[in-house]
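Turn these sequences into a full structure, and let the hints guide you.
Each residue of the sequence shown is one higher than the last, beginning at 8 in the numbering used here.
Read the hints as simulated data drawn from the structure, not as lab findings.
If a hint is listed, it holds; no wrong ones were tucked in.
Listed below are the simulated SDA-like cross-link pairs for lysine to any residue, each with C-alpha atoms no more than 25 Å apart in a straight line:
no.: 1; residue 1: Lys51; residue 2: Leu93
no.: 2; residue 1: Lys114; residue 2: Leu235
no.: 3; residue 1: Lys102; residue 2: Thr242
no.: 4; residue 1: Lys51; residue 2: Val61
no.: 5; residue 1: Lys114; residue 2: Ala308
no.: 6; residue 1: Lys51; residue 2: Ser90
no.: 7; residue 1: Lys102; residue 2: Ala53
no.: 8; residue 1: Lys114; residue 2: Val304
no.: 9; residue 1: Lys51; residue 2: Leu251
no.: 10; residue 1: Lys102; residue 2: Glu240
no.: 11; residue 1: Lys114; residue 2: Leu252
no.: 12; residue 1: Lys51; residue 2: Leu108
no.: 13; residue 1: Lys102; residue 2: Ala88
no.: 14; residue 1: Lys102; residue 2: Met54
no.: 15; residue 1: Lys51; residue 2: Ile95
no.: 16; residue 1: Lys114; residue 2: Asn179
no.: 17; residue 1: Lys102; residue 2: Ser236
no.: 18; residue 1: Lys102; residue 2: Val48
no.: 19; residue 1: Lys51; residue 2: Val82
no.: 20; residue 1: Lys114; residue 2: Leu307
no.: 21; residue 1: Lys51; residue 2: Thr242
no.: 22; residue 1: Lys102; residue 2: Ala87
no.: 23; residue 1: Lys114; residue 2: Leu250
no.: 24; residue 1: Lys102; residue 2: Leu91
no.: 25; residue 1: Lys51; residue 2: Leu252
no.: 26; residue 1: Lys114; residue 2: Ile189
no.: 27; residue 1: Lys114; residue 2: Ile97
no.: 28; residue 1: Lys114; residue 2: Ser236
no.: 29; residue 1: Lys102; residue 2: Ile89
no.: 30; residue 1: Lys51; residue 2: Gly243
no.: 31; residue 1: Lys114; residue 2: Gly243
no.: 32; residue 1: Lys51; residue 2: Ser258
Estimated spans, in silico, between C-beta atoms of each pair:
no.: 33; residue 1: Ile95; residue 2: Phe33; range: 37 to 43 Å
no.: 34; residue 1: Ala14; residue 2: Val78; range: 40 to 46 Å
no.: 35; residue 1: Phe31; residue 2: Leu251; range: 21 to 27 Å
no.: 36; residue 1: Val82; residue 2: Phe33; range: 46 to 52 Å
no.: 37; residue 1: Ile89; residue 2: His35; range: 43 to 49 Å
no.: 38; residue 1: Leu161; residue 2: Val78; range: 43 to 49 Å
no.: 39; residue 1: Asp289; residue 2: Met54; range: 37 to 43 Å
A virtual CB, placed ideally from N, CA and C, is assigned to each residue, including glycine.
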Amino acid sequence: QNYGWHATFFSILPVSVILAFVIFRFIHVKAQPAFETKPEVDLKGAMALAATVVSFLVGISYLEHGVESSVEFTVLFVMAAISLGLFIMIERRAKFPLVDLHLMTHKRLLPATLILLIVGLCTFMVYQTIPVLIRSPQPLGFGGDAIVVAAVQLPFMIILLVGTVMSGFVLNRIGNTRLTAIGTIVSTIGFVSLLLFHSTEYMIGITLAIISAGLSFAFVGGFNIVLLSAPIEFTGIVLGMTLLLNLVGQSIGPSLAAMYQQMHQAAVEGMPGRFPTTEAYDSIFLMATLISMTAVVLALALNRRKVTV
8 QNYGWHATFF
18 SILPVSVILA
28 FVIFRFIHVK
38 AQPAFETKPE
48 VDLKGAMALA
58 ATVVSFLVGI
68 SYLEHGVESS
78 VEFTVLFVMA
88 AISLGLFIMI
98 ERRAKFPLVD
108 LHLMTHKRLL
118 PATLILLIVG
128 LCTFMVYQTI
138 PVLIRSPQPL
148 GFGGDAIVVA
158 AVQLPFMIIL
168 LVGTVMSGFV
178 LNRIGNTRLT
188 AIGTIVSTIG
198 FVSLLLFHST
208 EYMIGITLAI
218 ISAGLSFAFV
228 GGFNIVLLSA
238 PIEFTGIVLG
248 MTLLLNLVGQ
258 SIGPSLAAMY
268 QQMHQAAVEG
278 MPGRFPTTEA
288 YDSIFLMATL
298 ISMTAVVLAL
308 ALNRRKVTV
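Take a look at the structure:
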């Protein structure tokens, strides 16, 4: 509000330095025994995955133009499909793959990983849309400033902090699969509420708090499933793969939101430029709701499989 958006990034620097010092000072990793074959970085797999994600995200951005850009987004989606095929081929042959497909297709790991990917996608799709809605001029937005944006999003962060801590205690009582199922259901309820009730800042803050509560349960339960389902010698590898795919989902979410914001725009009298309309926000919240329902189905199936086994 007072120093511009640059200050947001510069303020993170001292926190990062302190965190790095704490890790270096207090967290020590025992030396691992030397292996005959030194692990190598899967550069080919990383490049193929990067090409897949970038082509897909750029292709999404061209969808906003409709038929006018049909050639561009068709070519980009074909490139994404080819890159994905190459990535799978590379990972199958790699000695030290970036994503171990054999581990990832585990009957419990795959649903848990997909749940974490979907939850991250939906959350970032909505969370990064809220500042645009708050700061857009009336009647297309609320005409608020950065302080209003922070006030609306503050319940989300508080509930996420408290909920993540409390999830550990709840986990011991109900188990990881039930916690994950509850988290996805609560998050979906939050997305539905946001779709139906986003006419005031207060309503948005409440719905974000609901989403945050479900998010904390889903993340803690999902990662716990991943860690307990993986063989002990592959725990680090599985956790790294899960985080990687979760980040992929978090990168896709804002791109989908930006596509809808660009597709539905209108001008406000007396204000330069164009701004997203109500149709844009409704489309974003509806899409997040539908995608989050997929996570609910996966979580319920995973919980049922756990009970029947």
